[in-house]
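Trainee: Given only the sequences and the hints, what does the whole structure look like? Please build it.
There are 2 protein chains.
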Amino acid sequence: MGRKRKLARGVAVVGGGLAKLGLFKDRNCKDFFAEAYEEMIGSVDKGFDPKDIDAVYVGNFTNDFFVRQAHWGPIIADLLGQVPKPITRTEGACASSALAFREGVLAIASGMYDMVLVGGLEQMSLCTTEEVAEGLGMAASPYEVATGYTFPAVFGAMATAYFAKYGATREALFNVTIKSHSNAPLNPKAQFPMSVRDFMNARIERCRKKGEPVPEWRDEKDFLSDPAANPSVAWPMHLFDCCPISDGAACLLLVGEDLARKFTDKPVYVTGIGQGSGYSLHAKEDLTTYEATRAAAKEAYEMSGLTPRDIQFAEVHDCFSIAEIVHMEDLGFVKPGEGHKAVADGMTRLDGPKPINTSGGLKCKGHPVGATGAAQLYEVWLQLRGEAGKRQVRNPNLRVGAAHNLGGTGGTCTFNILERR
Amino acid sequence: MGRKRKLARGVAVVGGGLAKLGLFKDRNCKDFFAEAYEEMIGSVDKGFDPKDIDAVYVGNFTNDFFVRQAHWGPIIADLLGQVPKPITRTEGACASSALAFREGVLAIASGMYDMVLVGGLEQMSLCTTEEVAEGLGMAASPYEVATGYTFPAVFGAMATAYFAKYGATREALFNVTIKSHSNAPLNPKAQFPMSVRDFMNARIERCRKKGEPVPEWRDEKDFLSDPAANPSVAWPMHLFDCCPISDGAACLLLVGEDLARKFTDKPVYVTGIGQGSGYSLHAKEDLTTYEATRAAAKEAYEMSGLTPRDIQFAEVHDCFSIAEIVHMEDLGFVKPGEGHKAVADGMTRLDGPKPINTSGGLKCKGHPVGATGAAQLYEVWLQLRGEAGKRQVRNPNLRVGAAHNLGGTGGTCTFNILERR
Numbered sequence: 001m002g003r004k005r006k007l008a009r010g011v012a013v014v015g016g017g018l019a020k021l022g023l024f025k026d027r028n029c030k031d032f033f034a035e036a037y038e039e040m041i042g043s044v045d046k047g048f049d050p051k052d053i054d055a056v057y058v059g060n061f062t063n064d065f066f067v068r069q070a071h072w073g074p075i076i077a078d079l080l081g082q083v084p085k086p087i088t089r090t091e092g093a094c095a096s097s098a099l100a101f102r103e104g105v106l107a108i109a110s111g112m113y114d115m116v117l118v119g120g121l122e123q124m125s126l127c128t129t130e131e132v133a134e135g136l137g138m139a140a141s142p143y144e145v146a147t148g149y150t151f152p153a154v155f156g157a158m159a160t161a162y163f164a165k166y167g168a169t170r171e172a173l174f175n176v177t178i179k180s181h182s183n184a185p186l187n188p189k190a191q192f193p194m195s196v197r198d199f200m201n202a203r204i205e206r207c208r209k210k211g212e213p214v215p216e217w218r219d220e221k222d223f224l225s226d227p228a229a230n231p232s233v234a235w236p237m238h239l240f241d242c243c244p245i246s247d248g249a250a251c252l253l254l255v256g257e258d259l260a261r262k263f264t265d266k267p268v269y270v271t272g273i274g275q276g277s278g279y280s281l282h283a284k285e286d287l288t289t290y291e292a293t294r295a296a297a298k299e300a301y302e303m304s305g306l307t308p309r310d311i312q313f314a315e316v317h318d319c320f321s322i323a324e325i326v327h328m329e330d331l332g333f334v335k336p337g338e339g340h341k342a343v344a345d346g347m348t349r350l351d352g353p354k355p356i357n358t359s360g361g362l363k364c365k366g367h368p369v370g371a372t373g374a375a376q377l378y379e380v381w382l383q384l385r386g387e388a389g390k391r392q393v394r395n396p397n398l399r400v401g402a403a404h405n406l407g408g409t410g411g412t413c414t415f416n417i418l419e420r421r
Numbered sequence: 001m002g003r004k005r006k007l008a009r010g011v012a013v014v015g016g017g018l019a020k021l022g023l024f025k026d027r028n029c030k031d032f033f034a035e036a037y038e039e040m041i042g043s044v045d046k047g048f049d050p051k052d053i054d055a056v057y058v059g060n061f062t063n064d065f066f067v068r069q070a071h072w073g074p075i076i077a078d079l080l081g082q083v084p085k086p087i088t089r090t091e092g093a094c095a096s097s098a099l100a101f102r103e104g105v106l107a108i109a110s111g112m113y114d115m116v117l118v119g120g121l122e123q124m125s126l127c128t129t130e131e132v133a134e135g136l137g138m139a140a141s142p143y144e145v146a147t148g149y150t151f152p153a154v155f156g157a158m159a160t161a162y163f164a165k166y167g168a169t170r171e172a173l174f175n176v177t178i179k180s181h182s183n184a185p186l187n188p189k190a191q192f193p194m195s196v197r198d199f200m201n202a203r204i205e206r207c208r209k210k211g212e213p214v215p216e217w218r219d220e221k222d223f224l225s226d227p228a229a230n231p232s233v234a235w236p237m238h239l240f241d242c243c244p245i246s247d248g249a250a251c252l253l254l255v256g257e258d259l260a261r262k263f264t265d266k267p268v269y270v271t272g273i274g275q276g277s278g279y280s281l282h283a284k285e286d287l288t289t290y291e292a293t294r295a296a297a298k299e300a301y302e303m304s305g306l307t308p309r310d311i312q313f314a315e316v317h318d319c320f321s322i323a324e325i326v327h328m329e330d331l332g333f334v335k336p337g338e339g340h341k342a343v344a345d346g347m348t349r350l351d352g353p354k355p356i357n358t359s360g361g362l363k364c365k366g367h368p369v370g371a372t373g374a375a376q377l378y379e380v381w382l383q384l385r386g387e388a389g390k391r392q393v394r395n396p397n398l399r400v401g402a403a404h405n406l407g408g409t410g411g412t413c414t415f416n417i418l419e420r421r
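Protein chains in written order, with the working numbering: chain A, 1 to 421; chain B, 1 to 421.
No lab work stands behind these hints: they were computed from the structure. Note that CB positions come from ideal geometry on N, CA and C, so glycine has one too. Be a bit skeptical, because a hint or two may be false.
Partial list, computed: chain A residues near chain B (C-beta under 7 Å) [said to hold, decoys possible]:
(1) Thr90
(2) Leu106
(3) Ala109
(4) Met112
(5) Asp265
(6) Ala292
(7) Gly337
Restricting the straight-line Cα-Cα distance to at most 27 Å, the calculated cross-link-like pairs of lysine-lysine (DSS-like) are [stated by the list, open to error]:
(8) Lys165(A) to Lys354(A)
(9) Lys46(A) to Lys209(A)
(10) Lys266(A) to Lys284(A)
(11) Lys51(B) to Lys284(A)
(12) Lys30(B) to Lys284(A)
(13) Lys284(B) to Lys4(A)
(14) Lys262(A) to Lys4(B)
(15) Lys51(B) to Lys262(B)
(16) Lys6(A) to Lys6(B)
(17) Lys4(B) to Lys51(A)
(18) Lys51(B) to Lys4(A)
(19) Lys284(B) to Lys30(A)
(20) Lys390(A) to Lys20(A)
(21) Lys30(B) to Lys51(A)
(22) Lys30(B) to Lys4(A)
(23) Lys46(A) to Lys51(B)
(24) Lys46(B) to Lys298(A)
(25) Lys51(B) to Lys6(A)
(26) Lys298(B) to Lys4(A)
(27) Lys298(B) to Lys51(A)
(28) Lys262(A) to Lys341(B)
(29) Lys51(A) to Lys262(B)
(30) Lys6(A) to Lys284(B)
Mentor: Laid out in structure tokens, this is it:
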């Protein structure tokens, strides 16, 4: 009741796995989860017995709609050989598996369990694009889609409001896209492991092969400015501002903090968990901020005792390029209206002072909605262990990272802080 | 990891609400939740400030499919004026809101929160019966519906196996139905507040009015044996063995045990929480038992230190009449194979030694799937407070009750024990 949030028991992440993201019509989303689970098992340095998993939480947005199968809990329990243990599905639209993570943390903190598997999954490739749009539309409020506000339209309105309020232009969006796409080729699991320049060169190559006139783009921004290369979806959201449709799964193994060193010498501790809810477009007083993100951030910062300055890198929910800018402001990484400048100044680049979306983000890595929250936390965990390969943040004192996940058009947001000690 | 489950902090129920159940095509399921919430507010004896609610959990099976709207968390948060607080949806098919209850308990036990609202909702009336069957079919395993095993067929197979193993007959099912329907008229919120005799008399009256020959049924069992009155759905499941399609919502207010007496002099404590997962039909070794129910019961009994004998009354998931019998056995209320005899002997009647489904159960009260788990717990809470009106269990020492909730064809089960002290 308004007091400082504190967990009765600390929680640590000791394992993680992420399936390669993409579109896999010929596979079942159980397979994606199995792929992530297998990597997770191998990732636990000192090994563990899956029989010691006490409970499972799995996030999924709407396989009900996408694959006409609901109640994935027991399907996953059976897949993992974990029947008759408790398994619970959480749903908060695109934040579904960050909620699974959170419930896993609370279950251990409560004293109920010692080891909990959390994760998420989604299969979107079996639907037509129109069906995916309809399915995702159900994550928006009843007033949004009914009045024509599909997802790109909602974020387009937000970008327009942001431009008007702070004098930004599409250049700000280009900077986000170019930055994220420069990380993506370094992530072998990304759906689009290509830089914007790679896309540009591929397009030029295609024109040459077809004998068509070759566009003379000066640079990536010139390419992104060309409607032929980057068509409008819902102005100012263009193709390269929008994350793709994806299949995938991710999972993390959580244990009580007191048990962590049994499993690894590199435990990653959960020091702040935050969640908030938000209004839909019609009830928002200001389109350039998310009350749900601010509430989640406040909760997590207070619990951890950290400030935005302490967060050395983060995954920030970039379903659309504008979302990354606005969320950085709501998370306190920069002041309101300063997000677009920070991106332009290189703050968020892999070699910048506060790398954002080292994984490539939803835009490049992919966005299997129910798996995304866990996939973001996997990236933070991997970075904190120094195991992110070519995209590893080059900071010998890397200690604090965070993941921000958004569901719907802002209805559910989470912010979770992980730390090495 | 196999140790005894123990919560770091106890949890109590200090308020509850249940909307009238039925089919309400002209209402929105937000209205049902508002109705339950309003009752809950009035039920907190010493009052409370809704601003003190720290978080909300809401169970829903598949409004995604039933009403083409997902992501109900923020919709409910907005409805209740609780934005930007955390709100999480849980899903475990027909056990969805028992999972919400459980996560609320864990959230308080973890030390994170002091006061959590938990509940559930579902609106099934906007679909055709065929669509409801398709929607519910998604809660079964992928192998069941694909091979023709819709819900009545799965429970029909279970009843057939039970009959074969233990020598029971349809008479056992009649006894369950007659017992539950004798409680229903005492529950003003029941969808069918009628006894089987009421149905029989109504049918006779209808025949008289239409000038049709009046059937000469000797008693309720004779009525239930007549295919004209009680047609087969999936043998031996007949119409009166199957719960209806329903709309509804329910909620409960949870607080830390240490805070309970601030809100009421009659707190009800959560002393055992249990959850399990189960195989689908194709992988079950024995159709006359649910491993998920047994696992949930084991967990809850161990936590509470109670035995089946200590449970004075219970709500037991009776989506089909046979389910009540089998679950009573799995919960240890009677030995395997003895459930049908116990019902015949009157053990489960309102005036019997262990009343089961005093509310009328899913069969008569109604089964708005995502709301059912919370609705069952509401009934147990109400009985323990001595406020169940005409259906109040007449035991001056009523102290321990429990609710058993099943999701799908047995994929998810919960068992929660509540106590007055």
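Trainee: Compare the structure with each hint and give your call.
Mentor: Hints, one by one, checked against the model:
no.: 1; hint: Thr90; result: holds (6 Å)
no.: 2; hint: Leu106; result: holds (4 Å)
no.: 3; hint: Ala109; result: holds (4 Å)
no.: 4; hint: Met112; result: holds (5 Å)
no.: 5; hint: Asp265; result: violated (20 Å)
no.: 6; hint: Ala292; result: holds (5 Å)
no.: 7; hint: Gly337; result: violated (21 Å)
no.: 8; hint: Lys165(A) to Lys354(A); result: holds (25 Å)
no.: 9; hint: Lys46(A) to Lys209(A); result: violated (53 Å)
no.: 10; hint: Lys266(A) to Lys284(A); result: violated (43 Å)
no.: 11; hint: Lys51(B) to Lys284(A); result: holds (20 Å)
no.: 12; hint: Lys30(B) to Lys284(A); result: holds (20 Å)
no.: 13; hint: Lys284(B) to Lys4(A); result: violated (47 Å)
no.: 14; hint: Lys262(A) to Lys4(B); result: holds (20 Å)
no.: 15; hint: Lys51(B) to Lys262(B); result: holds (16 Å)
no.: 16; hint: Lys6(A) to Lys6(B); result: holds (18 Å)
no.: 17; hint: Lys4(B) to Lys51(A); result: holds (16 Å)
no.: 18; hint: Lys51(B) to Lys4(A); result: holds (16 Å)
no.: 19; hint: Lys284(B) to Lys30(A); result: holds (20 Å)
no.: 20; hint: Lys390(A) to Lys20(A); result: holds (16 Å)
no.: 21; hint: Lys30(B) to Lys51(A); result: violated (41 Å)
no.: 22; hint: Lys30(B) to Lys4(A); result: violated (31 Å)
no.: 23; hint: Lys46(A) to Lys51(B); result: violated (46 Å)
no.: 24; hint: Lys46(B) to Lys298(A); result: violated (31 Å)
no.: 25; hint: Lys51(B) to Lys6(A); result: holds (20 Å)
no.: 26; hint: Lys298(B) to Lys4(A); result: violated (35 Å)
no.: 27; hint: Lys298(B) to Lys51(A); result: holds (17 Å)
no.: 28; hint: Lys262(A) to Lys341(B); result: violated (51 Å)
no.: 29; hint: Lys51(A) to Lys262(B); result: violated (42 Å)
no.: 30; hint: Lys6(A) to Lys284(B); result: violated (42 Å)
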